[in-house]
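S.K.: Each protein sequence line maps, in turn, to chains A and B. For what it's worth, this note's numbering labels the leading residue of the first sequence as 194, then goes sequentially. For what it's worth, this note's numbering labels the leading residue of the second sequence as 194, then goes sequentially.
One thing to keep in mind: the hints can contain errors.
If chains are identical, the list can't say which one is meant, so a pair holds when it fits in one copy or spans any two.
Claimed, not checked - Mimicking BS3-like on lysine-lysine, the simulated pairs with C-alpha atoms at most 25 Å apart in a straight line are:
id: 1; residue 1: K284; residue 2: K255
id: 2; residue 1: K284; residue 2: K367
id: 3; residue 1: K366; residue 2: K284
id: 4; residue 1: K255; residue 2: K202
id: 5; residue 1: K255; residue 2: K197
The set of hints was computed from the structure by calculation and includes no laboratory data.
There are 2 protein chains.
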Amino acid sequence: MYEKTVARKTVYEGRILNVDVLDVELETGRMSVREIVRHGVAVAIIPRLPDGRFVFIRQFRKPVERICFEVVAGNCDPGEDPVVSAERELKEETGYDIQRLENLGSIFPSVGYCTERIDIFFAELGEAGAPSFDDDERIESVIVTEEEMGRMIRDGEIQDAKTLAAWMLYQTKKAEL
Amino acid sequence: MYEKTVARKTVYEGRILNVDVLDVELETGRMSVREIVRHGVAVAIIPRLPDGRFVFIRQFRKPVERICFEVVAGNCDPGEDPVVSAERELKEETGYDIQRLENLGSIFPSVGYCTERIDIFFAELGEAGAPSFDDDERIESVIVTEEEMGRMIRDGEIQDAKTLAAWMLYQTKKAEL
Numbered sequence: 194m195y196e197k198t199v200a201r202k203t204v205y206e207g208r209i210l211n212v213d214v215l216d217v218e219l220e221t222g223r224m225s226v227r228e229i230v231r232h233g234v235a236v237a238i239i240p241r242l243p244d245g246r247f248v249f250i251r252q253f254r255k256p257v258e259r260i261c262f263e264v265v266a267g268n269c270d271p272g273e274d275p276v277v278s279a280e281r282e283l284k285e286e287t288g289y290d291i292q293r294l295e296n297l298g299s300i301f302p303s304v305g306y307c308t309e310r311i312d313i314f315f316a317e318l319g320e321a322g323a324p325s326f327d328d329d330e331r332i333e334s335v336i337v338t339e340e341e342m343g344r345m346i347r348d349g350e351i352q353d354a355k356t357l358a359a360w361m362l363y364q365t366k367k368a369e370l
Numbered sequence: 194m195y196e197k198t199v200a201r202k203t204v205y206e207g208r209i210l211n212v213d214v215l216d217v218e219l220e221t222g223r224m225s226v227r228e229i230v231r232h233g234v235a236v237a238i239i240p241r242l243p244d245g246r247f248v249f250i251r252q253f254r255k256p257v258e259r260i261c262f263e264v265v266a267g268n269c270d271p272g273e274d275p276v277v278s279a280e281r282e283l284k285e286e287t288g289y290d291i292q293r294l295e296n297l298g299s300i301f302p303s304v305g306y307c308t309e310r311i312d313i314f315f316a317e318l319g320e321a322g323a324p325s326f327d328d329d330e331r332i333e334s335v336i337v338t339e340e341e342m343g344r345m346i347r348d349g350e351i352q353d354a355k356t357l358a359a360w361m362l363y364q365t366k367k368a369e370l
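So that you can see chain A by itself, here it is in the shape it has in the complex (with noise of 0.2 Å):
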């Protein structure tokens, strides 16, 4: 199973993403083309409190027109280490100090049209702080228990595919954590 690159054409070049038009040969010999959107690598925390509670954040996203209820995420900055990127964003939206942080894997968004990866981390936290926002991100901070976690998911609650991923990955390893 291979697709090998014959042609590439950046036809899109933005902020945060490019976009590439790729001709490729599939293991048939036949031509395919792949549309590719090109983004970073982001980060992900699912972060604890020491009463066992967990901080998510709400904000409103355009591209869904819609308030999303979403792990602590973001992207890291060029070349930046994940775990110096999971420490900002956590500081940024949240306010807390973190004690301790533990890599629950990677997540692919959109394997189909999109390279970003998202490294998604376990946080346990220590004593809040004040959030400092970035000034184009409004950003609210809700603390769930891991019940109320279930409850919203089971009422279509959470629909972002991010934050039900990263609760699968802290599901299937807490034990461990």
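With the hints as your guide, set chain B onto chain A.
M.R.: This is chain B only, laid out in the frame that chain A set:
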């Protein structure tokens, strides 16, 4: 929490996706820019065999340059009812007949920059048939138990976000299915 669209420019029109650049006005009055990938609705299906095992697929994905383990999934044709798309994709990619199809909810793969919505289904399967793949897809079906899924997630063998998110929805709702 809202962002008002002030201007919109389509910067790329492709086969499966378009890219728009929007000027938006935030609640504070401040202006910002949003790059948005426009993508149609898709479906993903978790199909269970009469013996309790599940059918997933493996295929090479050019954007991430690797073979991915994924739920059965595909794009809806323009205007197509997602239920019809789900039945079609399941038949095409696995060849099985569907006894019962249940909606598990919807997910958004990349709320930060993409409009795509994926409707998630659970399918109770009947007898096997022969898959009929698209010409430029090379897809292998994989039959796994629930225990094997848990082991694969723990070992980082499942990195596709829609697959992890769909499995999370299935886990949360399986008692009622």
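S.K.: Now, for every hint given, state plainly whether the structure supports it.
M.R.: Hint-by-hint comparison with the structure:
no.	hint	result
1	K284 - K255	within (24 Å within a copy, 35 Å between copies)
2	K284 - K367	within (23 Å within a copy, 36 Å between copies)
3	K366 - K284	within (24 Å within a copy, 34 Å between copies)
4	K255 - K202	between (28 Å within a copy, 15 Å between copies)
5	K255 - K197	between (35 Å within a copy, 9 Å between copies)
The earlier numbered hints are all upheld by this structure, with none contradicted.
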